[in-house]
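Make the full structure from the sequences, and use the hints.
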Amino acid sequence: MLKSIVPVSVLLFFMLIPAELLGQELKFGLKGGVNSSWIIDDDTGIESVRGVNIAGFAEVQFSGRISMLLDLGLNQRGFERVQTETSEDGTALRTVSAKTRLDYLTITPQLNVHFSKTHWRPYVGLGPRFDFLADRRIGEFEFSSGTVPDETAELMEDFVIGSVLSAGIKHGTPNGFQWKLELRYDRDFSDSIPDFPGLFRSNSVALLFGISF
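The sequence shown begins at 1 in the numbering used here and counts up one residue at a time.
For the record, the hints were derived by calculation from the structure and aren't laboratory data.
What you are looking at is a predicted structure, and each value in this text was computed from that prediction instead of being measured.
Computed list of lysine-lysine pairs in DSBU-like fashion (alpha-carbon distance at most 35 Å, straight line): (1) LYS180 - LYS27; (2) LYS180 - LYS117; (3) LYS117 - LYS27; (4) LYS180 - LYS99.
Have a look at this one:
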């Protein structure tokens with residue numbers, strides 16, 4: 001997996017160098033926050049789970065209103081599946097659940113459009129997302145007869161392609177620091193389980209706070 005991450009990261013990093021050489025404004029920063037994630041499925045017994053987003057970023061300001069952002073970070077997502085335990089005669093006994101967490105190393109190049117050139121700068125952003133699975137914690141159903149791992153989680157792919165749509169506001173300070181508050185929506189394009197096209201695609205909504213310098 002790391003053999004795939006390194007070339008992509010290096011390529012995207014060196015895309016920022018020409019902008020710096022041409023005298024464009026280049027800022028670095030950190031951001032983090034919480035998210036709520038779920039998967040698209042034809043099974044109604046799917047619940048969302050909460051996680052965290054942490055990322056470092058570099059942003060090139062090409063003009064007063066256009067910038068290019070590159071995020072490199074950890075995106076913690078997952079889902080919770082719910083099933084009903086039944087007796088031998090089919091009588092419903094109780095509800096059991098299995099919560100799966102999937103930690104991804106995420107690379108996100110994003111184009112931002114700003115709506116103001118003042119110290120308060122609302123913006124929207126859009127870009128692709130490349131996720132590399134770093135850790136998989138498979139949920140387990142605790143039935144009366146024993147514990148059963150969620151087979152859905154075991155089948156999830158290690159690499160996922162998706163998109164990011166964000167909206168937020170930035171505020172600059174006289175000493176050059178800048179903070180921002182951002183609402184971010186992530187959606188998968190590729191199938192996490194190839195045998196079920198169109199299903200088991202992850203979605204998440206995150207609220208993030210960041211600083212740059």
